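Protein chains: 2
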Amino acid sequence: MTPEEFRSAGHQLIDWIADYYDRIDDLPVRSRFEPGDLTAQLPSEPPASTDSFDAVLGDLDRLILPGLTLWQSPNWYAYFPANVTFASILGELAESGLGVNGFSWVTSPAATELETLMMNWMVQLLGLPPHFVDHGVIQDSASTATLCAILAARERATAAGIPATDLVAYATAQAHSSVQKGLRVAGIGETQLRVVPHDEAFRLRPTELAAMIDDDLAAGRHPFFVCAAVGSTSTESFDPVPAIAEITDGSDVWLHVDAAMCGIAALCPELRWVNDGVERADSYVTNAHKWMGVNFDCSLFWVRDRAALTDALSIQPAYLRSAAAASGAIDYRDWQIPLGRRFRALKLWFVLRLHGVDAIADMIRGHLSMAAELDSWVRADDRFDLVAPTTMNLVTIALVDDASTRALIDAVNQSGLAEVTPTIVDGRTAMRICVGSRLTQRHHVESTWHMIGRLAQAILPG
Amino acid sequence: MTPEEFRSAGHQLIDWIADYYDRIDDLPVRSRFEPGDLTAQLPSEPPASTDSFDAVLGDLDRLILPGLTLWQSPNWYAYFPANVTFASILGELAESGLGVNGFSWVTSPAATELETLMMNWMVQLLGLPPHFVDHGVIQDSASTATLCAILAARERATAAGIPATDLVAYATAQAHSSVQKGLRVAGIGETQLRVVPHDEAFRLRPTELAAMIDDDLAAGRHPFFVCAAVGSTSTESFDPVPAIAEITDGSDVWLHVDAAMCGIAALCPELRWVNDGVERADSYVTNAHKWMGVNFDCSLFWVRDRAALTDALSIQPAYLRSAAAASGAIDYRDWQIPLGRRFRALKLWFVLRLHGVDAIADMIRGHLSMAAELDSWVRADDRFDLVAPTTMNLVTIALVDDASTRALIDAVNQSGLAEVTPTIVDGRTAMRICVGSRLTQRHHVESTWHMIGRLAQAILPG
Numbered sequence: 276m277t278p279e280e281f282r283s284a285g286h287q288l289i290d291w292i293a294d295y296y297d298r299i300d301d302l303p304v305r306s307r308f309e310p311g312d313l314t315a316q317l318p319s320e321p322p323a324s325t326d327s328f329d330a331v332l333g334d335l336d337r338l339i340l341p342g343l344t345l346w347q348s349p350n351w352y353a354y355f356p357a358n359v360t361f362a363s364i365l366g367e368l369a370e371s372g373l374g375v376n377g378f379s380w381v382t383s384p385a386a387t388e389l390e391t392l393m394m395n396w397m398v399q400l401l402g403l404p405p406h407f408v409d410h411g412v413i414q415d416s417a418s419t420a421t422l423c424a425i426l427a428a429r430e431r432a433t434a435a436g437i438p439a440t441d442l443v444a445y446a447t448a449q450a451h452s453s454v455q456k457g458l459r460v461a462g463i464g465e466t467q468l469r470v471v472p473h474d475e476a477f478r479l480r481p482t483e484l485a486a487m488i489d490d491d492l493a494a495g496r497h498p499f500f501v502c503a504a505v506g507s508t509s510t511e512s513f514d515p516v517p518a519i520a521e522i523t524d525g526s527d528v529w530l531h532v533d534a535a536m537c538g539i540a541a542l543c544p545e546l547r548w549v550n551d552g553v554e555r556a557d558s559y560v561t562n563a564h565k566w567m568g569v570n571f572d573c574s575l576f577w578v579r580d581r582a583a584l585t586d587a588l589s590i591q592p593a594y595l596r597s598a599a600a601a602s603g604a605i606d607y608r609d610w611q612i613p614l615g616r617r618f619r620a621l622k623l624w625f626v627l628r629l630h631g632v633d634a635i636a637d638m639i640r641g642h643l644s645m646a647a648e649l650d651s652w653v654r655a656d657d658r659f660d661l662v663a664p665t666t667m668n669l670v671t672i673a674l675v676d677d678a679s680t681r682a683l684i685d686a687v688n689q690s691g692l693a694e695v696t697p698t699i700v701d702g703r704t705a706m707r708i709c710v711g712s713r714l715t716q717r718h719h720v721e722s723t724w725h726m727i728g729r730l731a732q733a734i735l736p737g
Numbered sequence: 276m277t278p279e280e281f282r283s284a285g286h287q288l289i290d291w292i293a294d295y296y297d298r299i300d301d302l303p304v305r306s307r308f309e310p311g312d313l314t315a316q317l318p319s320e321p322p323a324s325t326d327s328f329d330a331v332l333g334d335l336d337r338l339i340l341p342g343l344t345l346w347q348s349p350n351w352y353a354y355f356p357a358n359v360t361f362a363s364i365l366g367e368l369a370e371s372g373l374g375v376n377g378f379s380w381v382t383s384p385a386a387t388e389l390e391t392l393m394m395n396w397m398v399q400l401l402g403l404p405p406h407f408v409d410h411g412v413i414q415d416s417a418s419t420a421t422l423c424a425i426l427a428a429r430e431r432a433t434a435a436g437i438p439a440t441d442l443v444a445y446a447t448a449q450a451h452s453s454v455q456k457g458l459r460v461a462g463i464g465e466t467q468l469r470v471v472p473h474d475e476a477f478r479l480r481p482t483e484l485a486a487m488i489d490d491d492l493a494a495g496r497h498p499f500f501v502c503a504a505v506g507s508t509s510t511e512s513f514d515p516v517p518a519i520a521e522i523t524d525g526s527d528v529w530l531h532v533d534a535a536m537c538g539i540a541a542l543c544p545e546l547r548w549v550n551d552g553v554e555r556a557d558s559y560v561t562n563a564h565k566w567m568g569v570n571f572d573c574s575l576f577w578v579r580d581r582a583a584l585t586d587a588l589s590i591q592p593a594y595l596r597s598a599a600a601a602s603g604a605i606d607y608r609d610w611q612i613p614l615g616r617r618f619r620a621l622k623l624w625f626v627l628r629l630h631g632v633d634a635i636a637d638m639i640r641g642h643l644s645m646a647a648e649l650d651s652w653v654r655a656d657d658r659f660d661l662v663a664p665t666t667m668n669l670v671t672i673a674l675v676d677d678a679s680t681r682a683l684i685d686a687v688n689q690s691g692l693a694e695v696t697p698t699i700v701d702g703r704t705a706m707r708i709c710v711g712s713r714l715t716q717r718h719h720v721e722s723t724w725h726m727i728g729r730l731a732q733a734i735l736p737g
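Protein sequence lines, in the order shown, are assigned to chains A and B. Numbering of the first sequence is given in our numbering, commencing with residue 276 and proceeding in unit increments. Numbering of the second sequence is given in our numbering, commencing with residue 276 and proceeding in unit increments.
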């Protein structure tokens, strides 16, 4: 492919992407593919010669697109949003084109310094504590950030001579599965996770946490890690971070705040309460790739104590040493699990400059308003129960019995007109409706609600 | 940013990238920035209003570019290559534009199926064993793939009742630092790594490995993991995988082959020997993002036993369950550490169709030929020692004493005309010259060699 062919193909692809967003409202949200459908349409052998860009773009449109479930659809209410903006797509394009690897300061100084600066801008924009300045790093995902927090906490404990087998971690049943996975990866094991009871709003009960920690200490075990959820996955419940910090302050327990979904809402000054207490946490993560229009992967992770993180993750063979690092420049490879790293700060910079934080804040406010209205419609309809309080942009509902709720979820998703996610909340099957696509407008939510009502009518007995 | 503004900005950025590759030959390879230079030029406060795309593109060109060390330069000989192609940049652009998250089959069937198919195409193209079909996954980096191999091996051992504290791993001092890091992350610890002696060509000595394993078994410890390097980082040495497999076959020891750099050379049929013995390995990784023109991150990882990997990494909360998964569809989230995942298979597909495997194979052959010629120049110049045999595209050299070699490396890198990496090989400081940029031609290597000679002359005593 010559530079001229690249220019031409690149312009075509940019236009194809713009067209995709023009038509996405009319495309089915969920792919209608059955397992094997794409595989059957593509050659099992690699190509013997090259293809034209037109052929590849044609296949992208004709074969791949129908096999995708459209996370960018205005009718996307599943999992959590992963909304993207045009500015972010351009930022990733610049990153791809430059093709640098910023694992150390010296391997591309601007990649490291722009990342530090963007993380510092985000400290200001989210109202995070000043001790997070120069203490942030972009991770691929909140799961990985939580693992890094566990590793830093484990390092702190084992450096003090505690055997890893004595370590105990705490979270509610509402915490993200990455807490379990992180403990497993770190070799501590899920058996060392204590499930702290939650209240009627699915929030961790601090008195129960304190009692469990006391019991473990009395039994000679070593409480080392608590994960507080700021917007849990099943219900967007908010663990009481200040009350948890009352327990962990001055103790050996590392307090990690997983605000993957909801922390970013602090871009709206009136919503900064979402991060209450974070100034007393040891680490904090929120995802720019969920609700800020920045392409996955862009998970924003801060630690109070940089040394705890880098002590856990730094390895320095001769081929990775540099004079700059010896003089104190940040080498982000020591803040993460892989060695190589993309120049992810570029997309954050593009979004903040081109799309603008005001537009993001307005989008978030719009989602909250739509979710609140949906919540009111659910309350007014006696066929539906609200299974959890609507705290932000997630409405969690159920019909009278689990079988009906499951049937309703399947019917919604099979319609292709909206995509939702099932969950189980304290034993009850529920439907999660998360309003978070950049393109979602009030009329989308209203049509979806009407459709849900019609489908429920057909499912409910008599 | 409106769709029309996106089209216009996107076309501009595509052209800027094409222009970048037109002028890259003349740009200094190493950034001349001192720590803090970028930070000083950018506002410490986030912007209060949005900027024009022209302003951002201007800053990218004027402020960011001089702060980058140019991994795509034809004069890039540092670390390992991370070469990219226009086809890959387009593949990543398509991925960014679509904005889907394929962590489960059901969250975008085509993302999962294209990945499986691409990994199967690569099995054919690299001549890998047929039992790797449907057993491959794209990871972000070889470091992470090696960690996943360690976790799978740990799972297999601990599921059989072995305490993790009894596990012992083996590799030479030439193995990548990710082996140490992976053992640390997994909670096994670097203290459990036995450094196996190497021969004069920096290859693991199988008889020593066998003896160390026997000793550990006799002492009641549990050998569980060997990492064999296929193109080690310091010297591109090749551990004798078939001889190692003679030792691990039928044992409880997981054999992981880290072919991050050199495995991909098997795209040239005459070079398939690089993967000799891999059919007897438990896992294998090679990086498409090093020497295949696919943008980072695209690390190709296969395991013989899928269940060992997914047993180590699968967590199934209610909100992640699906009927498709229950019926056997692949959910790649269970093959990796994070939950979310990009649609990385697209860039591999674009490269194989648009750039073509023949062009990649020819590029690799060209690099080998240039490295061989450089090797001959070094041998003919009695000022220089070859510190290790040139096995593929890496030439590792030294002057008479470490201080001179270090001074030479600094002088080369400060020239901005070429970038190389220092290493220490069995105690001796050496300069690594790795020929692997897509744009490198014979005249680049020749000029670089002449420059190295001139700089050495100025450094060497009288």
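Please keep in mind that the hints were generated in silico from the structure rather than gathered at the bench. Hints should not be assumed to be uniformly reliable.
What the simulated footprint calls covered on chain A by chain B, stretch by stretch (three residues with Cβ under 8 Å from a Cβ of chain B suffice, anywhere in the stretch; the number is not a length) [unchecked claim]:
| # | segment |
| --- | --- |
| 1 | 357-363 |
| 2 | 366-376 |
| 3 | 382-392 |
Just so you know, these numbers come straight off a predicted model, no measurement behind them. A virtual CB, placed ideally from N, CA and C, is assigned to each residue, including glycine.
We went through each hint and held it up to the structure:
no.	hint	in the structure
1	357-363	holds (count 7)
2	366-376	holds (count 9)
3	382-392	holds (count 9)
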